[in-house]
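Q: Protein chains in written order, with the numbering used here: chain A, 209 to 549; chain B, 209 to 549.
Be a bit skeptical, because a hint or two may be false.
Quick list of in silico lysine-lysine cross-link-like pairs, BS3-like style, CA-CA up to 27 Å [claimed, not checked]:
1. B/K353 with B/K375
2. B/K375 with A/K353
3. B/K313 with A/K313
4. A/K353 with B/K353
5. A/K375 with B/K353
6. A/K353 with A/K375
7. B/K375 with A/K375
Keep in mind the hints are simulated off the structure, nothing from the lab.
Protein chains: 2
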Amino acid sequence: AAVGLVVSVGIPSAVAFAAVQRRLWRNLLTLGVITLGVVIAAWIGSTVFVLRPVTALVRATHRLQAGDLAAARTELPQGQGELAQLASAFGEMAEALGQREAERKRAEVTLQLLSRRLLEAQENERRAIARELHDELGQSLQAIKINLQTAQRYPQEGATRLAESLKVVDQTIQQVRTLSVDLRPSLLDDLGLVAALEWYIDRQAQHVGFDGQFLATPPDLRLDPTVEIVCFRVVQEALTNIARHTQARRVRVALQQHAEELHLVIHDDGVGFDVPAAQERVLQGESFGLLSMRERVELAGGDFAITSSPTQGTEIRVRFPLHAAPRLDPPSFAAAHTATA
Amino acid sequence: AAVGLVVSVGIPSAVAFAAVQRRLWRNLLTLGVITLGVVIAAWIGSTVFVLRPVTALVRATHRLQAGDLAAARTELPQGQGELAQLASAFGEMAEALGQREAERKRAEVTLQLLSRRLLEAQENERRAIARELHDELGQSLQAIKINLQTAQRYPQEGATRLAESLKVVDQTIQQVRTLSVDLRPSLLDDLGLVAALEWYIDRQAQHVGFDGQFLATPPDLRLDPTVEIVCFRVVQEALTNIARHTQARRVRVALQQHAEELHLVIHDDGVGFDVPAAQERVLQGESFGLLSMRERVELAGGDFAITSSPTQGTEIRVRFPLHAAPRLDPPSFAAAHTATA
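Model the full assembly from the supplied sequences, consistent with the hints where possible.
A: Okay, here's the thing in structure tokens:
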């Protein structure tokens, strides 16, 4: 029964696993191809979605650094993804920075314009005063001199000449007084803003022929000298404008202390004007009076507002914080003045 | 010989491939774990190296947009990678923007300071002229008036009184002339800058006691009125400073036309001063004269430079482009002046 037969069945493993190996290799190859594809895709993706926008942002950053806002914005990457948020934030920032810069530029131009106009106005004022002194006062004094010399030479005419000279002297005293008061009413330094405004508004009302009202509360208000002179100059400028352009019949000026604030309101019932148009003209170099009023007030720490329309008259409102107004040391200015005058 | 034996050897494929399957599963598991690891690493990596820096950059952008430079810089992401380049560019940009803003702020403060000082200087000048008119001229005229009234009343004293009055009238004429000329030498308007400087430098040299030299090339130079008045004021301010502070013995003033430029040089051999320290003081509100000279020149389109040292005297150099100087229309200023004077 024992056949004694041993059958050894051998399949070489190469043959036995051939199919498996083939499948494995195929799988590995497929995997390799996929991996390569993924790597390439990742590379392209990172280039398109990360590197390219990042490079674009770097360029935009450099442009912005150089102050070239418009170019910076065209450099900004388009598209979606995490970086789009950054790009959009960057764009908003560039816009905000640009706006701030434009505002600052405008403010700078206005200030430069103002400084130039102030220098010009000062030169014009000096020239006008110098002329008035030389021509008007000089002439009057020459007339007195000739009169007196004649009186010396011809004593028989003495009485007439003396009388005439006295008349001219009185006129000259009046000229000097007017010139002096127009430059700086001594009332302002001696008795303060309320007294000076009372006198000035009254004088202008009589002179120009409008009905002028002035109310101060409290009536014994005394203020910082800087604020007093600014308020006086604003009223002076406003009344000059009213006399020149508005044909107003009634002018009301109110100076009121409200808690910690000073309010100055000047109202007229004249023809009014187009405020935005006038403000446009300020930047074009016209309406210097308006710019001058506003800047005087703002440089002294106050607010200035003007409302007007062609039929509603004009209202100027000035507001000063009463205890925070910056004070400038007068001595150095006195020195500065002496240096140039 | 035909054994007729068929041996069918069957290994269940499960058994036959068990080892292979196990290896495949193990491989797949390992691959899975590696893939998971790579995904996690990529996620962490993108968060750490991309998302987090991008978010930080967005925050920095928002801060910068709000004008908060210091905070924007602390928000900037640290580290390496593509985004580090962006972050570093961003940091540089923030710094450049900050510097530009600081410079502009400084320029604005200087301009504001100047405008305020100009207004104050103008007020001080007005007050000083008003006082001089009222006190000096007013007094002289009152004296003449009393003299003449006395002469009328007591004819026997007439001759003496007349002679006295004439003396006072002559003094008053001289007062008016000096005041007028100090405000604005009529030479400047009538004969131009060269004649005005010749006269003024000569007057100051005699008055202060230095050796004054003035050279103009060409001697018949005529310039834009704006440039002429600015040059005159610069010389006036410089000579006032020299008289006050320098103990100079020699002062040389040169006005030269070089091709398309006008050069004005004022040199003294006095004690000199520390220019940087003086410029510091300008921003603190002192040295108004220096600021005023510089700004006058720059607002009229020129360059201003000053060099000095405590032992080398002082040199002021002013340069104007001759055909590009901005002209301002005088009529509107004349109007502006009348409005405030």
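Q: Between B/K313 and A/K313, is the straight-line Cα distance small enough, at 27 Å or below?
A: Measuring from Cα to Cα gives roughly 11 Å; hence the hint holds.
Q: Would the pair B/K353 and B/K375 pass a check requiring their Cα atoms to be no farther apart than 27 Å?
A: Answer holds: B/K353 to B/K375 is near 13 Å, not above 27 Å.
Q: Is the Cα-Cα distance between B/K375 and A/K375 27 Å or less?
A: Judged against 27 Å, a Cα distance of about 19 Å means the pair holds.
Q: Taking 27 Å as the top limit, are the C-alpha atoms of A/K353 and B/K353 close enough?
A: Since the Cα atoms of A/K353 and B/K353 sit roughly 13 Å apart, the hinted pair holds (cutoff 27 Å).
Q: With the threshold set at 27 Å, check whether the alpha-carbon distance from A/K353 to A/K375 stays at or below it.
A: holds, 13 Å
Q: Given the proposed pairing of A/K375 with B/K353, does the C-alpha separation stay at or below 27 Å?
A: holds, 9 Å
Q: Would you check the hint for B/K375 and A/K353, treating anything up to 27 Å between C-alpha atoms as holding?
A: The given pair, whose Cα atoms are some 9 Å apart, holds under the 27 Å limit.
When held up to the earlier numbered hints, the structure conflicts with none and fits them all.
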